[in-house]
Structure formats: C-alpha cells, structure tokens
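Line by line, the protein sequences give chains A and B.
For the first sequence, the working numbering assigns the number 390 to the last residue and increments by one with no breaks.
For the second sequence, the working numbering assigns the number 275 to the last residue and increments by one with no breaks.
Bear in mind the hints are in silico, worked out from the structure with no lab data behind them.
C-beta: ideal position from N, C-alpha, C; glycine also.
Heads up, some of the hints might be wrong.
Stated by the list, open to error - Derived list of chain A stretches under chain B, where covered just means 3 residues or more per stretch with a C-beta under 8 angstroms from a C-beta of chain B:
#1 81–91
#2 229–241
#3 245–253
#4 374–380
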Amino acid sequence: MKSRIFAGAAALAAAALVLSGCSSSDEATGGLQIDVPDVPMHEELGDFEGSVDIVAWSGFVEPAWSDKFTEETGCVVNRRVAGTSDEMVQLMRTGDYDLVSASGDASLRLIAGGDVQPLNLDLIENFGDDIVEGMKGQLYDTINGKSYGIPIGRGANILQYNSDVVTEEPTSWDVAWEADSPYAGKVIAYDAPIYIADAAVYLMAHKPELGIKNPYALDQEQLDAAIELLKQQNGIVSEYWADPAAQITSFVGGNTVLGTSWEVLRKLTEDDKFKSVLPEEGSTGWSDAWMLSSKADAPNCAYAWMDYTSSPEVNGAIAMNFGMAPANAAFCETSDEAAAHCDYYNATNEEYFEKVWFWTTPIEQCIDGRKDVTCTNFQQWTDAWLTVKG
Amino acid sequence: MKRRAQLAGLLAAPLLWLVGIYIFSLVMLLVTAFWTTDPFTSKVKPGFTLRNFEQLLVNPAYLSTAFRTLAIALAVTALSILISVPLGIFMAKIAKPWLRALLAVAITLPLWAGYLVKILAMRVTFTDEGFFNWALGPLGITGPGFSITTVVLTLTYLWLPYMAVPVYTAIRQLPNNLFDASADLGAGAWRTIRTVVLPLIKPAIIAGSIFTFSLSLGDYIAAKFVGGSTQMIGSIIASNINLNPPIAAAFAVVPIAFVVIYLLSVQRTGALERM
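Here chain A stands alone, though its shape is the one from the complex (with noise of 0.2 angstroms):
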C-alpha cells in the first residue's frame, strides 16, 4: 500500500512538473519542481577509465568520430544499438552502461527512477549559447533547475515509400493509416506503445471532434479512438518494426512500400527509390540529448564522450549521419554543406518543429492544460497496444 502512495506522489509530482513546464518554459527553467531521488553530481574531472558503454540509437556512435575520440582519451567506445525508449530505460537499469542517448519518452522515466545523474556542465566546454532556442532546458531534461541532459539532435518520424510503386508523393499520413489505401498490406508500422501518438496526431488533423489538443494527452475516450485506427491500421499492415534492421529489409524485399520511419534507415536502403516527406498532419518526432547512468563506472570518460560530442563537428556529423536536426547551431556555419543540412532539416526553424511532437512520457495528469478529466498514463497505453494486434 505504502508503494502505490508512493507511486501516486511520483505521478502528481511529474505532472506538477509538467503543468509547470508548460507555463513558464519561456520563464528560467528553475522553476520546475519534482521529486526525484537525489543523486550527486560529478565534481571533477578525473583519469580517464579506459572504456565507456554508450547505448544509443542506430547510428549515433560510428567509428567515423568514435575512432578519433579513442584515440584523444584513450577511451574505447562500446556501442549497444537499442530498437526503442522503452529497451533503453531496461538497459540503463542494468547498470551496465554509462551513457544513454535518451528520448523525451525515456529521459523523464531515467530521471523519476534515478538510473540518470545531474550533469556538471562546467565540465562540457562545448555545451555553450549555440544550443538551439528549442533544445535548451526542455522538461525532459532540466529538472529542479538541474539539468540531465546535453542536447544531441531533434528531429520528426517521417513517412518513407518507395517511389517506384508509390509514383506521386504523399502528402497526408492517409495511405498509412486508412483501410482503402491503395497500398493496403504493404504498409510498415513502429512497434512500441509510444506509436498510439502517431495515430492520435493524424486523428487531431481529421477528427476535430475528439478534441485532441496534444498527442501525449489522451483521455480514455481520445485513447479509444486512437486504438480503434490503430487496429484499423492492423488490418493492412506487412508488419511492425522495432528492429532498425528488419525495417530495411522489409522495405529493400519489397513486403513493404511505405511507413513510418528515421531519415537514417532509408539512408541504409542505399537505393535511391526511396523517399521520403513530412505529411501535412506533421508528425510525431524526437528531441535526443545524452545522459550519464547515476551507477556510471567510467563518469570521465562519459563526460569526455559528451564534450566531444557537442563540439559543432561532431554533433554536426552526427547530425547528417542520422537525418536530424544538429543540437549545435554552430555547425550550421561550418560549411556550405552544413549550411544545406541545417536548411533541409530546419535546425533553427522553430515554427517547423512546432508541427513535429517530441516523444514524452504520457501520465495521468492532461499536459495540454485540462484540469476537468484525467489521462491515460503509460501504463494504460501499454496495456491498449496488446490489443492493437490481438
């Protein structure tokens, strides 16, 4: 019993915090108040450890910068490639590993949990003013004025087809979601419950009447519906896709024509037939900073992984590697190229990711400001994606 009161002042604290957030985040971010177990932060830098876990997305960690940064610190870099948030909240927990390059979805979860450390940003020289305006002090990282994360990137889930069977180029997330599309059992969907946002950011654009505002606050009736298209989609779906792998092969074997995906995977199709748009409904997205395990065994090297990380030429190469928006604004100015990556993927356009929802942890109090109903949490959300497909 004990536990579940405990559980329900994690849960009002993380709203408080959310509700908070939403009001003042033009406001200092020192304002934002939530429980959260208190973990110390590293003071100092000290010898580097020799090695240093890092689990992150595909393609953030290539011995394109990897190599060069064993070879400043002599810390070898271990990479674990992880398929979702909620894999990499689990590998975190293990303790095995130092870093995590954490979605919205995940950081506040490491944060509540205290598997992740405040950051000493003294020690990153290279976090610095050229942040861009909407990755700094994001809830999802700065917390009780603390902050937990260094920005990496941002960007949307886009819609990828294969141009040589889907000849005109979509303009609405319709062919993906409703029963009559022509591409009907040949469409890709993302495997985890945080994909019930997908379908509730297309509902917000064709069904008004379910009054949903922000895709991460659903209330019971808003989560039905959005389960009822998702079930929908179930119907002519080639399959779900959690493993980055599987989602290339799906598309390049031809089983699958168009769904969602990272600008990253149809870089890997190596095939130029594949494209991809950012529907007119926008799209669910990803704001991804790095995070440093409060059990870390090698916080030096971590801390150095970080620095080099946010250097403008890293972050950027990072950047054009994945298909995302770089966290550092300075890149942009490093070349002709960067300046054209920085346009393509609209990295100081704020009003741009104003259409993109970043992944964030849904929880029982509504973060689009309804006071009068409560939401549906995550819990609730895992649960409905079983019956998703049966």
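Guided by the hints, dock chain B onto chain A, whose structure is given.
Relative to the frame of chain A, chain B by itself:
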C-alpha cells in the same frame, strides 16, 4: 553409509544446478507476477496484487494470443510428425546405406547452424522478392509472405530434427519380420503403418512432440522476423519485460500451464514410462 555419501556426492552438482539455478530463477519469476509496477517510471516494486492475473482475463489480447500460440505449437508438432514418420520409414527400411547416411546428415545439419541465422534465412526466403516467389512465381504460386503460415513453416524447420531423429531411431529398431508378417497377413502399406508401426513408435513420437511443442510455445523471434503482425505469447512477454515485468511474469505462467497439461495428458497414455 559410504555408498550413501558417494551417491550424495554424485548428485550434488546436478541437484545444485536444478534447484539452485533452474528452479530458483523460475520461482523468482513467478513471485514477480504478484508485484506492482510504477505507472510512470515502469519500475517494479515488491508487493502483493492479483491485478496482473486479472489483466490476463480482462484484456482479450492475452487470451487470443495464448490460443493462437497454442494452435501454432500444435500445428508445428503435427507437421513435424507428418514429415518424420514417412521419412523415418524410408530412411530405416528402404534407403540404401549411403542415402541413409546422407539423409541423416541432411536432417541434423540445420542443428549446427545458428538459430538466428536460420530464422533470417527464412526471412530472406519469404520476402516478396525472395527465393520462394522467385522459384514458384513462374508457376503462378505466390508465397505466404510474412504470416502465421510462415511462422509455422519456420518453426517446423527449426525443430524438425528433434522429432525426426527419435522417430527414425525407433523405426530402425523395429524388426523387419514385423513388416513381412504384416504383409503376409494381407495388410497394405498404409494399414501396416497405422496398425504396426505407429503404435510401436508412439513413445518416440511423444518424446519428439514434447520438444517441438514446448519449443514452439516459447518462441517469439520467428514471429518477430517472419510473422508480419503475428503476435505470440513470447512477443507479449518480450515487449512487456521492458514496460511491465510483473505482467510479463504473470503471462509466463500460461505456457507453463500448457506444457504441464500436455505432459499430464501424455502421462495418462502411459507413454512416458516406455520412453
């Protein structure tokens, strides 16, 4: 007294393994089924609740997935028997020694390859532009794509040796004069198989089916890579192990129950004693 000490010394290691590692971890898993999960951080907290088991009944996805998985496991077992019996008779009684050796190698060869490699091979075979459609496309046949059918085929491919080997060994031990006697009394080939061979090799079939059935019941990688949107018990456990470990533990009781029921019903036939 000395003999007892010797016996104890002999059994200590296997018992330690069985109880200390195998049983203990299973019990720990089952205990987790009564714990709760923080809805926000998805952290597990010790406690006592029956809510996880209640969820299994309330959420229709759990039941339908359980029965789908059961059907898949039974189909894999049936398909393995259908392939193994004629193959075993051919190998043991008809094939020349060199062909018999060749077939024995061919059957056991897949056991030497990695499990994941075999599943990915099936994935490549059954993609739209894969081998299956390429080979049979000209005849107007298109493959099952990624579906339940493909899952059954893949699991049969994976577990067939566990059925084929004991069945072949059992048929090999049948004296040839039984076949001669059956023929002398006027029985055709089919009748001989049905009334002479099958009853005698039943223990071998049951031994093999325990493998094919329980291994299929617990598999989820096949469903993930060749199942399209097919969901098995293991798929749900695997996705919940990150988000809600207690309910994953509760759901793990279902395949255990299936296997126990299966073993009990097999035991009633008396086949286990003769195994």
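Cross-check of the supplied hints:
1. By the rule of at least three residues with a Cβ nearer than 8 angstroms to a Cβ of chain B, the coverage given for the region 81–91 of chain A holds, with 5 such residues.
2. Proximity of the region 229–241 of chain A to chain B, defined as three or more residues with a beta carbon under 8 angstroms from a beta carbon of that chain, is established by the 5 residues found.
3. Check on the region 245–253 of chain A: 4 of its residues sit with their Cβ under 8 angstroms from a Cβ of chain B, so the three-residue criterion for coverage holds.
4. Against chain B, the region 374–380 of chain A contributes 4 residues with a C-beta closer than 8 angstroms to a partner C-beta. That satisfies the three-residue criterion, and the hint holds.
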